[in-house]
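If you read the sequences in order, they're chains A and B.
The numbering of the first sequence is the working numbering, which starts it at 1 and goes up by one.
The numbering of the second sequence is the working numbering, which starts it at 1 and goes up by one.
These aren't lab readings, by the way, just hints derived from the structure by calculation.
Any given hint could turn out to be false.
Not the full set, but computed from the structure, chain A residues with beta-carbon under 10 Å of chain B [said to hold, decoys possible]:
hint, residue
1, Cys23
2, Glu51
3, Gly52
4, Ile55
5, Val56
6, Ser105
7, Arg107
8, Phe146
Using 27 Å as the maximum straight-line C-alpha spacing, the simulated BS3-like pairs for lysine-lysine come out as follows [to be verified]:
hint, chain 1, residue 1, chain 2, residue 2
9, A, Lys151, B, Lys424
10, A, Lys14, B, Lys469
11, A, Lys151, B, Lys453
12, A, Lys239, A, Lys182
13, A, Lys108, B, Lys424
14, A, Lys125, B, Lys424
Label pairs and their computed distance ranges (CB to CB) [what the hints assert, rightly or not]:
hint, chain 1, residue 1, chain 2, residue 2, range
15, B, Gly278, A, Asp195, 31 to 41 Å
16, A, Arg107, B, Gly426, 56 to 66 Å
17, A, Arg139, B, Gly278, 22 to 32 Å
18, A, Leu121, B, Gly278, 41 to 51 Å
19, B, Gly426, A, Ser136, 16 to 26 Å
20, A, Arg139, B, Asn78, 54 to 64 Å
21, A, Asp179, B, Gly426, 45 to 55 Å
22, B, Arg166, A, Lys108, 37 to 47 Å
23, A, Lys108, B, His402, 34 to 44 Å
24, A, Ile55, B, Gly426, 18 to 28 Å
Fair warning: this is a prediction, and the values are worked out from it, not measured in the lab.
All residues carry an ideal CB built from backbone N, CA and C; glycine is no exception.
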Amino acid sequence: MLEIKGLRAQVEGKEILHGIDLCVYPGEVHAIMGPNGSGKSTLAKVLAGREGYGIVNGEVRFNGKNLLVMQPEDRARAGIFLGFQYPVEIPGISNMYFLKTALNSIRKNRGLEELDAMDFLALAKEKMKLVDMDESLMRRAVNEGFSGGEKKRNEIFQMAVLEPQLAILDETDSGLDIDALKTIASGINALRRQDRAMILVTHYQRLLNYIVPNKVHVLLDGRIVRSGGKELALELEEKGYGWLEEETIREQAVNS
Amino acid sequence: MSANSNIEELANREYKYGFVTDIETDTIPRGLNEEIIRLISAKKNEPEFMLDWRLKAYRHWQTMKDPTWANVHFEPINYQDICYYAAPKMKSKPKSLDEVDPELLATYEKLGIPLRERDLLAGVAVDAVFDSISVATTFKEKLAELGIIFCSFSEAVQNHPELVRRYLGDVVPFTDNLFAALNSAVFSDGSFCYIPKGVRCPMELSTYFRINAASTGQFERTLIIADEGSYVSYLEGCTAPMRDENQLHAAVVELIAHDNAQIKYSTVQNWYPGDKNGKGGIFNFVTKRGKCKGVNSKISWTQVETGSAITWKYPSCILMGDNSIGEFYSVALTNNYQQADTGTKMIHMGKNTRSTIVSKGISAGHGQNTYRGMVKILKNADNARNYSRCDSLLLSDKCGAHTFPYIEVKNSTALMEHEASTSKIGEDQLFYCQQRGISSEAAVSMIVNGFCKEVFKELPMEFAVEAQKLLGVSLEGCVG
Ligand SMILES: Nc1ncnc2c1ncn2[C@@H]1O[C@H](COP(=O)(O)OP(=O)(O)OP(=O)(O)O)[C@@H](O)[C@H]1O
Ligand SMILES: [Mg+2]
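Work out the full structure, taking the sequences as your base and the hints as a guide.
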């Protein structure tokens with residue numbers, strides 16, 4: 001489904017991603033971990049098409065299509081969803097209206113009939129249950145004045161409504177209390193499907209207890225330095241990233 | 001493509017109302033002198049007092065200079081090169097719509113303002129002003145049953161001279177400013193409205209202004225009087241053909257609210273803004289002012305300004321009556337090379353008077369947007385309150401937003417609150433919308449609409465929808 005080859009990307013003239021290779025197949029859940037500033041969010045934004053991130057080299061294919069030439073909205077319509085680490089506020093536009101517009105532009109693009117207000121409301125209500133979201137949030141402006149946890153809940157709720165093929169969730173577990181983490185994790189689990197893949201960016205092994213990943217990758221200074229099964233996450237939890245850094249330096253020394 | 005360069009491509013789109021109606025017009029020679037004023041007055045068969053007033057205004061105008069304090073730039077206007085009267089030729093004033101030239105009816109149809117009552121929005125009565133004269137007023141009889149007078153200004157001069165004489169220039173004297181003086185000298189028509197004591201006007205009253213003839217200025221005058229305990233909501237809309245030269249529109253609007261009366265005045269201004277290089281377009285130099293004469297009276301201005309090459313306009317309130325309320329809600333959008341210098345004046349004279357100012361300026365392309373507001377609390381205005389909020393949104397790197405709030409307080413019990421913000425349309429916001437599948441163009445329009453929400457909610461329902469669409473259209477091409 002997603003194929004990243006030798007991806008190097010820069011922002012403001014500074015190269016952040018130094019060659020990423022990653023393959024994600026339908027039905028899989030990949031976790032990406034790594035220290036602050038290692039480039040996790042950068043990777044997520046490059047995949048979603050955020051302006052200002054320049055591609056230095058490499059290739060990304062999504063269902064065979066060259067993703068890097070597509071506009072962000074076309075990537076979304078093709079089935080890519082990014083759960084933001086910092087969801088954005090849009091004053092004056094209700095959450096309900098925003099999501100309905102989003103869903104309908106995606107549907108329209110796929111040749112499906114647009115949902116009217118009633119049908120949309122019914123759908124929204126059903127999906128709200130999934131993340132136990134308060135209905136009053138629907139009438140408020142998009143993310144405006146939402147608490148950190150409410151914003152994250154809202155991201156997963158949007159994902160549930162938009163039903164993407166590939167969901168990239170950037171630190172959706174950060175800033176959640178323990179109960180909220182459970183609710184959201186079970187919401188995400190409920191959205192796991194044979195034909196849907198997920199990339200979870202996280203700092204905490206705890207999330208992966210609830211959502212068991214097929215693969216875990218460690219991103220360090222713009223490179224994936226190690227990949228493994230879910231036991232890798234446990235190892236990281238125990239040892240931190242220091243040993244990997246040392247190992248990487250040693251390997252680089254050997255290689256050169 | 002970057003969102004920035006996207007946004008810079010703003011508005012390469014055609015102005016939808018730029019067509020010209022081919023109709024025979026009765027015009028007078030260009031230029032301005034006492035003869036011309038006598039001619040206009042004679043054409044309108046006016047009583048002596050009107051001619052005298054016009055001549056006084058003209059003589060005063062001759063002593064005045066173009067105002068220079070506004071943050072707008074244009075070549076000096078050659079007042080002798082303008083035609084001050086142009087009217088579609090009619091054998092006699094049509095008595096009913098059946099007698100109105102079909103070409104004219106078709107024009108309004110095309111503008112989305114059907115004049116036949118059966119086609120009209122049920123709740124709106126329309127006075128249609130074409131160049132210098134009013135061509136039709138709908139629902140007149142129905143309103144007359146309630147004692148409401150809603151007619152063209154010319155008719156009011158003929159049929160209600162005592163009201164005109166009493167109120168004309170009461171709020172905006174011809175000495176006020178150069179454009180007001182010019183208007184007073186040459187104004188040809190406009191709308192007149194009187195709501196009698198205790199009557200709540202059951203429908204929205206509206207005037208639709210259309211400039212058609214070339215080299216013609218439009219100088220209309222609107223006078224609205226709400227007698228004790230009455231209420232009226234009034235809407236104003238306008239368009240003009242696309243022409244390469246600038247055309248002058250210098251209107252005067254006067255509102256008077258007596259004890260316990262309320263006037264709500266809404267404008268959606270969509271004059272031709274000029275092309276994308278800044279050629280042509282309407283100079284919209286308008287004086288609008290309301291007087292809250294009576295106790296507990298209220299005047300509320302709501303404006304959505306998207307058109308005109310230059311807008312120079314400050315709908316204001318004079319709060320004379322104790323406990324009276326003035327409000328000003330404004331959205332002004334400038335794109336390409338448009339310039340807007342707009343805002344309000346709130347003059348607090350009575351006790352416990354309150355005013356609210358909410359201004360939203362949006363600049364795109366090379367547009368320049370200036371908010372200029374004055375709040376004046378006079379000596380006797382005990383416990384006056386003002387709340388002002390001015391927000392500016394920038395959609396490009398080449399446009400500008402400027403805010404000039406003036407405050408003058410002569411009474412220490414006054415309470416003033418002022419908030420202001422300037423923000424660039426967030427790339428994060430745009431990206432967030434796009435990531436959810438919304439096109440960048442729809443996203444800009446959505447973000448801008450959200451930004452204007454506080455103002456739009458003050459507009460009557462149909463108008464709010466219209467205003468949202470208009471903003472969308474004015475921003476089209478803003479993003480590629
Ligand atoms: N717009 C920008 N301008 C300059 N540097 C940037 C920009 N965006 C990201 N960076 C830099 O790129 C690096 C990677 O940032 P990124 O946000 O991808 O890290 P992250 O792995 O998501 O970290 P965290 O775990 O803290 O969220 C950081 O050093 C960051 O400062
Ligand atoms: Mg991050």
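#### Entry: Broken hints, by number
1, 4, 5, 8, 10, 13, 14, 15, 16, 17, 21 and 22
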